[in-house]
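Engineer: Listed below are the residues making up each chain.
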Amino acid sequence: MIINGVTIDDTFAEAFGMRGTRVIITAQNHKWANIAAAAMTGFATSVIGCGVEAGIERELDPSETPDGRPGVSILMFAMGSAVLMKQLETRMGQCILTCPTTAAFSGIDEGYPEITRINLGKNLRFFGDGFQISKQFGGKRYWRVPVMDGEFMTEETTGMVRAVGGGNFLILAESQPQALAACEAAIEAMKKIPNVIMPFPGGVVRSGSKVGSKYKALIASTNDAFCPTLKGITKTDLSPEIESVMEIVIDGLSDADIRKATRAGIAAACELGAANGIKRISAGNYGGKLGQFQFHLREIMNENPVNGDAA
Amino acid sequence: MSALTFTLKTATQQRIDCAPLTPDILAGKSATEIAAVLLQCGKQKLRADALFDISGNDSNDIVIQNGSSKLDYIGLGMKSGRITIHGGAGSYLGFQMKKGEIVLHGSADAYAASGMAGGTLHVHGNVGDFLASAIPGDRKGMKGGLVIITGNAGDRVGDQMRRGIVLIEGNVGAYCASRMLAGTIGVMGSVGDYVGFGMRRGTLLLFSTPKLHSTIQDCGSHTLPFLSLMFKSFKNFPSKFAGLNQNRVRRFAGDLANDGKGEILIFT
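Chains H and R, in that order, give the protein sequences. Just so you know, we're using this note's numbering here: the first sequence kicks off at 196 and counts up by one. Just so you know, we're using this note's numbering here: the second sequence kicks off at 234 and counts up by one.
Treat each hint with caution, since some may be false.
As the list claims (entries may be wrong) - In silico SDA-like links for lysine to any residue, alpha-carbon gap of 20 Å or less:
id	chain 1	residue 1	chain 2	residue 2
1	R	K373	R	L457
2	H	K335	R	K465
3	R	K312	H	G333
4	H	K317	R	A415
5	R	K465	H	T431
6	R	K331	R	D371
7	H	K405	H	T431
8	R	K468	H	Q331
9	R	K468	H	G333
10	R	K494	H	G345
11	R	K494	H	Q331
12	R	K494	H	C422
13	R	K494	R	H446
14	H	K335	R	L457
15	R	K242	R	Q277
16	H	K474	H	C422
17	R	K465	H	K405
18	H	K335	R	G351
Since the hints were made in silico from the structure, they are not lab data.
Full structure from sequences and hints, please.
Structural biologist: If you want it as structure tokens, here you go:
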């Protein structure tokens, strides 16, 4: 399969079942909502070292938020519910409670077959040292915690659902700037897809890994088959003209969301095409034995365009 | 199906306990069975059809016509459906109500919404003392749900109220929110003396500054974000409170003689 001169490999991305949640952060303005969201989703690129993978889904207009202020929606994913709950609590406590003017609300209340309520501000209320106030409206409980800038308001719980993490594709290009330009175009298109985040810095990861290492202590190490500088001395997956490979990893609330995002991203990268040095699109997998989900690139790119698709 | 209508035949000297006339209790009963429901009237038990002309068959939609202040316990513990009363109601309207809706076109007597845990009580008129309060011996008053009063309320509104929302468009008497445990009371009109007496927690929203006793202390003027959220949840209420959108208030906290975590918010 070739799109605009870019070869789409006959391979698939292998993804895993995760637990995901959405939190809506509001603040006095988008600037501070974004600052809070950036802090909360900071150091959350990979579950391997960060516990969770998190990112900003999108900005929300005042009309879309519960308290009518500018906001940001955040998605967080972890391999298990216990980790997710722990990370949500610590990140809420250190990044949202602390950030001026913010408030936090549940981002998942309906629309999924199985929603588990997990603590959002339930334990943060104890920061109020007895001065915290509970309020219930419309069947939801909120906490008002007195803080130095006024009051921190948070919903007691948010919804956790079964989600999918680790969807990915690789962009192989003739040069590093070209690979990055294609990634930027892909991320721009993928940001428009709801229910997904690309957790790595700027959405892009350059240090794709393989399972195992020559060092016993490491469970993963550099994916030498895709390292352009090792072409001559390793069992390479790269043709001579490839000089740079970058990966985009996708976490989504459902496999359908990841398919949409994958399609939008690849389509945007292919739009630059071979003329801009983009040669191949591939994907990372473990032979199909580890993950519950497989995203076959050619199948995804062959699907009929649906509304909202960038393709 | 038409609304199951009970029309009071004559003004009664004795009080009538209307507790059995709720949608839950009458559900599935035939007209004959409904007519034979026994109601406590003074010291005797009378058949429903001895006191009321009964028509209609939808027990989920009960209407009481010619209501009077002698009709007590309307909607006691009701869990579903709707009761509409034209004329007036006695004491204990919506007592321990769990769900459903009661609409009164007229005025009610004392202890309306006492022990109410859910549902909606809408009074187009006035209510007596102890609205949403605990009856003597109970430790908690209203425990949930929504009460809207378009007229005035008497003394001790929300005494020992535990949860829920009470919105009063008119004036209230003395000891409003006394010993309140939690929940929200809004009063558009004036409030009497000793507002928030013994208030432990909870929120009292007022539109003018009343005379406050010394154990209720001024915490200054603030813009409280939770008010936007609360007023948004009021948006669909059939009340003047639905139009509120201001979140700048002066906050008084108290009663310091009794824990002091309650708040009286006054629009500035």
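Engineer: Looking at the structure, which of the earlier hints fail to hold?
Structural biologist: 1, 5, 12 and 17
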